[in-house]
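Visitor: Chains as they are written, first to last, in my numbering: chain D, 1 to 272; chain V, 1 to 183.
Simulated from the structure, these hints should not be mistaken for lab results.
Each hint should be verified, as a subset may be incorrect.
[Claimed, not checked] Derived DEER-like restraints, expressed as beta-carbon distance ranges:
{"no.": "1", "chain 1": "V", "residue 1": "ASN58", "chain 2": "D", "residue 2": "ASP224", "range": "38 to 44 Å"}
{"no.": "2", "chain 1": "V", "residue 1": "VAL64", "chain 2": "D", "residue 2": "ASP13", "range": "27 to 33 Å"}
{"no.": "3", "chain 1": "D", "residue 1": "GLN82", "chain 2": "V", "residue 2": "ALA6", "range": "57 to 63 Å"}
{"no.": "4", "chain 1": "D", "residue 1": "PRO10", "chain 2": "V", "residue 2": "ALA9", "range": "36 to 42 Å"}
{"no.": "5", "chain 1": "V", "residue 1": "ASN58", "chain 2": "D", "residue 2": "ASP158", "range": "35 to 41 Å"}
{"no.": "6", "chain 1": "D", "residue 1": "ARG129", "chain 2": "V", "residue 2": "SER17", "range": "27 to 33 Å"}
{"no.": "7", "chain 1": "D", "residue 1": "GLN82", "chain 2": "V", "residue 2": "VAL64", "range": "26 to 32 Å"}
{"no.": "8", "chain 1": "D", "residue 1": "GLU138", "chain 2": "V", "residue 2": "PRO160", "range": "40 to 46 Å"}
{"no.": "9", "chain 1": "D", "residue 1": "ALA79", "chain 2": "V", "residue 2": "SER151", "range": "42 to 48 Å"}
Note that the structure is predicted; figures quoted are calculated from it, not measured.
Don't be surprised by glycine CBs; every beta carbon is placed ideally from N, CA and C.
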Amino acid sequence: MNGADPNRDPFRDLLEAYALGALDAQDRAGVEAHLATGCAGCARALAEGRWLVSQLAYLAPAAEPSRELHGRLLKSVQAEAQERGQAAPVQTQPAIPWWMWGAVAAALLFALYNSWNAARERAAIEATRQEVTKAIEEQQKAQQELALARREALILRDPQSLKIRMPATKEDLPALEATWHQALGIVVTGRKLPLPAGHRTLQLWLIPKVPGGKPLPSLALRPDADGNFDLLVARPPDGIAATKALAITEEPQGGSEQPTTAPIWIGATTGR
Amino acid sequence: MSPDAALVARLLERDVSAFEELYGRHSRIVFGLVVRILQQATTAEEVVQDTFLQLWRNAAQYDVSRGPFLPWLLTVARNRALDQLRLKSERQRRREERTEELPPVVSLPPDLEGKLDEKRQAARVRQLMDGLQRQQKRAIELAYFEGLSHSEIAAKMQEPLGTVKSWIRNGLLKLKEGLEAKA
Chain D
1 MNGADPNRDP
11 FRDLLEAYAL
21 GALDAQDRAG
31 VEAHLATGCA
41 GCARALAEGR
51 WLVSQLAYLA
61 PAAEPSRELH
71 GRLLKSVQAE
81 AQERGQAAPV
91 QTQPAIPWWM
101 WGAVAAALLF
111 ALYNSWNAAR
121 ERAAIEATRQ
131 EVTKAIEEQQ
141 KAQQELALAR
151 REALILRDPQ
161 SLKIRMPATK
171 EDLPALEATW
181 HQALGIVVTG
191 RKLPLPAGHR
201 TLQLWLIPKV
211 PGGKPLPSLA
221 LRPDADGNFD
231 LLVARPPDGI
241 AATKALAITE
251 EPQGGSEQPT
261 TAPIWIGATT
271 GR
Chain V
1 MSPDAALVAR
11 LLERDVSAFE
21 ELYGRHSRIV
31 FGLVVRILQQ
41 ATTAEEVVQD
51 TFLQLWRNAA
61 QYDVSRGPFL
71 PWLLTVARNR
81 ALDQLRLKSE
91 RQRRREERTE
101 ELPPVVSLPP
111 DLEGKLDEKR
121 QAARVRQLMD
131 GLQRQQKRAI
141 ELAYFEGLSH
151 SEIAAKMQEP
161 LGTVKSWIRN
171 GLLKLKEGLE
181 AKA
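Chain D on its own, in the form it takes in the complex:
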């Protein structure tokens, strides 16, 4: 509708080279930040790219490793398999003569203790496992946040990004600033904004250049308790070239399909 294909992902063209390991640092960081957003299409394309790259191994002629290598490996593997077998030997209980009641009682006490101890250790293992799971989840979350922060930093720092000032249409409201990178997305920031009433949110819209074109809805976000607003749109619904302006309206929680209120902030793109 606006010249650019909204379904075309700008990272798709880089995925084969990423799988090959040929991307330079900046491109690589951009792809990794994008993959961290969980784009399923790119994850599938990357899996295909990795398979394709693995086929290049056939350019190298197959060659026979030495018998010594086979021997060394087998020795290591057999030793490790045996160690594991010895680490968990089968428990067998010897028969206890009838006259050894004292010993039996001691053995029973010992078994009871072992059972209690095993239960305690199982509980400890379970608690540790839960801690590990929680730590892994926290690490994954932190990695994702880091990837998004890196992406945001790349957008803000890249001299090719377009800076868009978004003055308020109402008095006494501070202006917002948007930064748009053709490949990495849009960052909109605002400070000390009044909080929307109730659970209402602020929603970003892309106003198309096409005469009569409807505003394209983007993400909705509520400022934090201090009135700070940092919105990262990794995949804008349209490109810079097709967009006349960015606007922000106040909308019900979850956002709207079309604006239900007049824009509070609006900023024209200057094009490139």
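Take the given structure of chain D and dock chain V to it, following the hints.
Guide: Using the frame of chain D, we list chain V on its own:
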């Protein structure tokens, strides 16, 4: 479940015979790849040893739902070989490496079905790569076997960065189309 995936499942139960079978099936292509990257047989054997030991100790790292086993194993081996190559490059040990002989190329046994498939696939890939422009093929090989980035390849080939990027992307897409068409 593919034969490879079944063997990997047995590795999880510490089945040594499964390990031997996997080694028998794939050690030649893995070793061929690593030797091509490192250009030195002794170090290549160390890398192959590390790769297969990693497989034995951490077979659970291979997730059958994410694709076939051999491409995964080749990726593990290539990454280890490129790490070793970079390490060696830093230590400037290339002169000593040139004195070593490369291992002989082996012809694969004609009566093994799996190996025949592997041989056919190798022929396909080589034929398709030979169909690319000479410089396009060279750029892809520099990335794959030497681990060079776009800008490093551009510097080495003394060509514009954009040209190198196009060569690699278009070359890989042609290879993909060719493999899909012949599959």
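Visitor: Compare the structure with each hint and give your call.
Guide: Evaluated hints:
no., hint, verdict
1, V/ASN58 <-> D/ASP224: 38 to 44 Å, "holds (42 Å)"
2, V/VAL64 <-> D/ASP13: 27 to 33 Å, "holds (30 Å)"
3, D/GLN82 <-> V/ALA6: 57 to 63 Å, "violated (24 Å)"
4, D/PRO10 <-> V/ALA9: 36 to 42 Å, "holds (40 Å)"
5, V/ASN58 <-> D/ASP158: 35 to 41 Å, "holds (39 Å)"
6, D/ARG129 <-> V/SER17: 27 to 33 Å, "holds (31 Å)"
7, D/GLN82 <-> V/VAL64: 26 to 32 Å, "holds (27 Å)"
8, D/GLU138 <-> V/PRO160: 40 to 46 Å, "holds (45 Å)"
9, D/ALA79 <-> V/SER151: 42 to 48 Å, "holds (46 Å)"
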